[in-house]
Amino acid sequence: MTTKLRGKSAIVGTGHAGFGEAHGLTAYDVMAQSALAALGDAGLKLSDVDGLFCTMMEDSMPALMAAEYLGIQPRFIDGTMSGGSSFVNYLTSATMALEAGLCDVALIVYGSNQRTASGRLVTASRPPAYEAPYNPRYPISAYAMAAARHMHEFGTTREQLADVAVAARAWAQHNPEAFERGPLSREDVLGARMVGDPLTVRDCCLVTDGGGAIVMVRADRARDYPKAPVYVLGSAAESSHRQISQMKDFTVTAARESGARAFAAAGVSPSDIQAVELYDAFTINTILFLEDLGFCAKGEGGAFVEGGRIAPGGVLPVNTNGGGLSCVHPGMYGIFTVIEAARQIRGDAPGIQLKDVDLALAHGNGGVLSSQVTAILGSQNTL
Amino acid sequence: MPDATGPDQIFQRALTNGEIMLPRCDDCGAYHFFPRVLCPHCHGTAISWHPASGKGRVHTTTVVRQKPERGGDYNVCVVELEEGVRMMSRVEGIAPGDIVIDMAVTAFVGGAEGQSAVLFKPAEV
Ligand SMILES: [Zn+2]
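Here the protein sequences come in this chain order: Z and Y. Under numbering that gives the first Met the number 0, the first residue of the first sequence is numbered 0, with each subsequent residue one higher. Under numbering that gives the first Met the number 0, the first residue of the second sequence is numbered 0, with each subsequent residue one higher.
Only chain Z is shown next, with the shape it has when bound in the complex (with noise of 0.2 Å):
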């Protein structure tokens, strides 16, 4: 059952800027060297966008922050905040906008400083007034109950979820772009600092600098610009908690449903994905979502992932990049998963570049498991 804006938008250019360390850059500068990179990409110019999707870590009013530094004056905007997943997120939105003639050039653009301004994940939003009391790291310390509660249930070890970080690793040493690119074994992971049990600094995300953005137009024009259109076909969201104290089941994402209606508006099923990436804030979460995805039965993520099935060469290729865990995490990853699928697709990868893809897929995250998004990508080949 595919929806009504299947393949109806694509996207035509992407970017990215200050990827590691940006000294000396505000996030908004970052933001808008990577809306500049996008827009080169597609051969367009800032005055041709007129529509703006964008939101920060920084500020109440980022969308209309970003319009003014970028100076333009955009008559569609969206700011959905919904942490990592907004970006994946606004594929929707900004489809239904082009679709709906309310813009005709969507920009999706994030940037942040947060590792050369503060070192640490930067955030304007306050913990929850009934968790804050007992002083919860944020956001390792909801993800490290979460994978507490799957090593309960499912006896998933310590060795699989390092497996996820080695991979990750795997995939990152050939991307140039790549902020990690060492050699990394399940014991480096294993003997890493303990920071919430069960999770070891290298079960963790990097903290980054950097930025990325993606140029959108209506299907019908998508073949007049110089790279290879890529399509959406299908995207969707659910949204199930903003506390984890209220998360109704540790082991099952709303990435259940998000994947499942992503899925069906595509018409594609996941053995047809040639590409899969993945929120990975931390290691837990690529298990979680290859199980809720549908690449795996649920309990049997940790199995799935372990002695480099999702690396090169392996099964299934998770995280192409090398993640949020190796490539690049700047607070927010969820624009990159998006980026990463769409230059698989297009064949101009800056790592491993998978042979003959048409159908990617790519999955946001948000909160602490709260928000879930997917996306399915193709080729012309795919409409």
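Rather than coming from a laboratory, the hints here were simulated on the basis of the structure. Among the clues, some could well be false.
[Said to hold, decoys possible] Cut-off 25 Å, straight-line C-alpha distance, at most; resulting in silico cross-link-like pairs (DSS-like, lysine-lysine):
1. Z:K44 <-> Z:K297
2. Z:K247 <-> Y:K54
3. Z:K247 <-> Y:K120
4. Y:K54 <-> Y:K120
5. Z:K354 <-> Z:K297
6. Z:K247 <-> Z:K7
These numbers were taken from a predicted model, which means no experiment stands behind them.
Since the structure of chain Z is provided, determine the placement of chain Y with the ligand on it from the hints.
This is chain Y with the ligand only, laid out in the frame that chain Z set:
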């Protein structure tokens, strides 16, 4: 707060008096937590307050690792109360690393970050 009327005020005032009160929906009979003006299960708005049994089990748990000079490691967990609601808390009176999932715990009112808060200790067997 002599005229506490809002759900958060009622909960906090009880805590200040050393009591743990839980909101329950008069329509569907289910408890909920955190306190709010409606029932998240059936969306009814008739809510009454009942003393918590204090009995619970650790649903999931973690240790926040911290250098000794900054206060050392401590526990953060989610406890499921007998009434069916869950809340974030910590278990005291036991090393943070010895707290395990499904462990039986008993609630008490203690202090956390300078305010009254629901804390737990291992249940006596
Ligand atoms: Zn009710």
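Query raised in the report: Among all the numbered hints in the text so far, which are the ones the structure does not match?
Result: 1, 5, 6
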